[in-house]
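2 protein chains.
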Amino acid sequence: MESQVEQHELTHPDADTVELTAVLAALAEPVRLKIVRTVAERAGDDGIRCLDVWQQGGFTASKSTMSHHYKVLREAGVVVMWWVGAKKNVRLRRELLDVRWPGLLDAVLAD
Amino acid sequence: MESQVEQHELTHPDADTVELTAVLAALAEPVRLKIVRTVAERAGDDGIRCLDVWQQGGFTASKSTMSHHYKVLREAGVVVMWWVGAKKNVRLRRELLDVRWPGLLDAVLAD
DNA sequence: CGAACTGTACGACGGTTATCGAACTCTAAG
DNA sequence: CTTAGAGTTCGATAACCGTCGTACAGTTCG
Chain H
1 MESQVEQHEL THPDADTVEL TAVLAALAEP VRLKIVRTVA ERAGDDGIRC
51 LDVWQQGGFT ASKSTMSHHY KVLREAGVVV MWWVGAKKNV RLRRELLDVR
101 WPGLLDAVLA D
Chain R
112 MESQVEQHEL THPDADTVEL TAVLAALAEP VRLKIVRTVA ERAGDDGIRC
162 LDVWQQGGFT ASKSTMSHHY KVLREAGVVV MWWVGAKKNV RLRRELLDVR
212 WPGLLDAVLA D
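Those protein sequences? They're chains H and R, same order as listed.
The opening residue of the first sequence carries number 1 in the working numbering; numbering runs sequentially from there.
The opening residue of the second sequence carries number 112 in the working numbering; numbering runs sequentially from there.
A few of these clues could be false.
[What the hints assert, rightly or not] Short derived list, chain H residues pointing at chain R, Cβ under 7 angstroms: (1) T21; (2) L24; (3) A25; (4) A28; (5) P30; (6) W101; (7) A107; (8) D111.
Simulated from the structure, these hints should not be mistaken for laboratory data.
Note that this is a predicted model, so its numbers are computed, not measured.
Beta carbons are placed, not taken as given, at the ideal position from N, Cα and C, and that holds for glycine.
Model the full structure from these sequences, guided by the hints.
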């Protein structure tokens, strides 16, 4: 059987309302930058599980800290997140970032 | 007569030691981002006077606040500053930024 | 010299942020 | 139903940051 229950419905900013300073601030934090790089490296077309990011990325931050950073990245417009059962998936919003600020994400990831 | 006195000798980080997170944090602040854009627009090859940035850029922040932001930009590696008499000049470190993170500065300035 | 101008250093303040543990919700599995 | 797993929220704490006014230092000009 399929569960149609959308348990919380994540909110994401529209492409128009995403602010450059918010994106830069989101990327300026070492843990968040590492999250973004791990997602960029390991995520497929349908994203990657947040848990896998944590496990494979070698993060030392606590669960609540990671949750906080994901929220910052999502509200800044850097990532999209959605539920898959009890787990969460995440992917970069390249289609947004590459249009609004071409070259920005690539420059940050190439380091 | 020429005054050989170098009144303080500004310190700038080497290209090797400049950190991406510091650059992003420096650019993530609205006033600093506006400073960078004003310098990028109006500075010639030998930079622009900080005073001109303040006057022509329409900044409302106080002197001490502006001085603080210039210091952050300089220590992050985003700008170079040097004395010309009693006034200070500033220019972007494009030769550094464009090599270390190609496309980053252009992306930020194109907005 | 003395006054005006340009910029820095310091201390204070208020607001923001990164971090954690504990309690909680929701889902999946037995 | 019960247990385990994944993730959020809340409260607390400590550190950081942007802002300003004041005091100060170096330069230029009369």
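Against the structure, the hints:
For T21(H), the suggested interface contact is upheld, since its CB lies about 5 angstroms from the closest CB of chain R, less than 7 angstroms. A hinted interface residue such as L24(H) counts as satisfied when its beta carbon comes closer than 7 angstroms to some beta carbon of chain R; here the least separation is about 4 angstroms, so the hint holds. Using the Cβ-Cβ criterion of 7 angstroms, the hint placing A25(H) at the interface with chain R is satisfied: the shortest such distance is roughly 4 angstroms. Interface hint at A28(H): satisfied, since its Cβ lies 4 angstroms from the closest Cβ of chain R, which is below the 7 angstroms cut-off.
A least Cβ separation of about 6 angstroms between P30(H) and chain R falls short of the 7 angstroms threshold, and the interface hint therefore holds. Taking 7 angstroms as the C-beta contact cut-off toward chain R, the hint placing W101(H) at the interface holds, the least distance being around 5 angstroms. A cut of 7 angstroms between beta carbons decides the hint on A107(H): the least distance to chain R is about 4 angstroms, and the hint holds. Checking D111(H) against chain R by beta carbon gives a least distance of about 5 angstroms; that is within 7 angstroms, so the hint holds.
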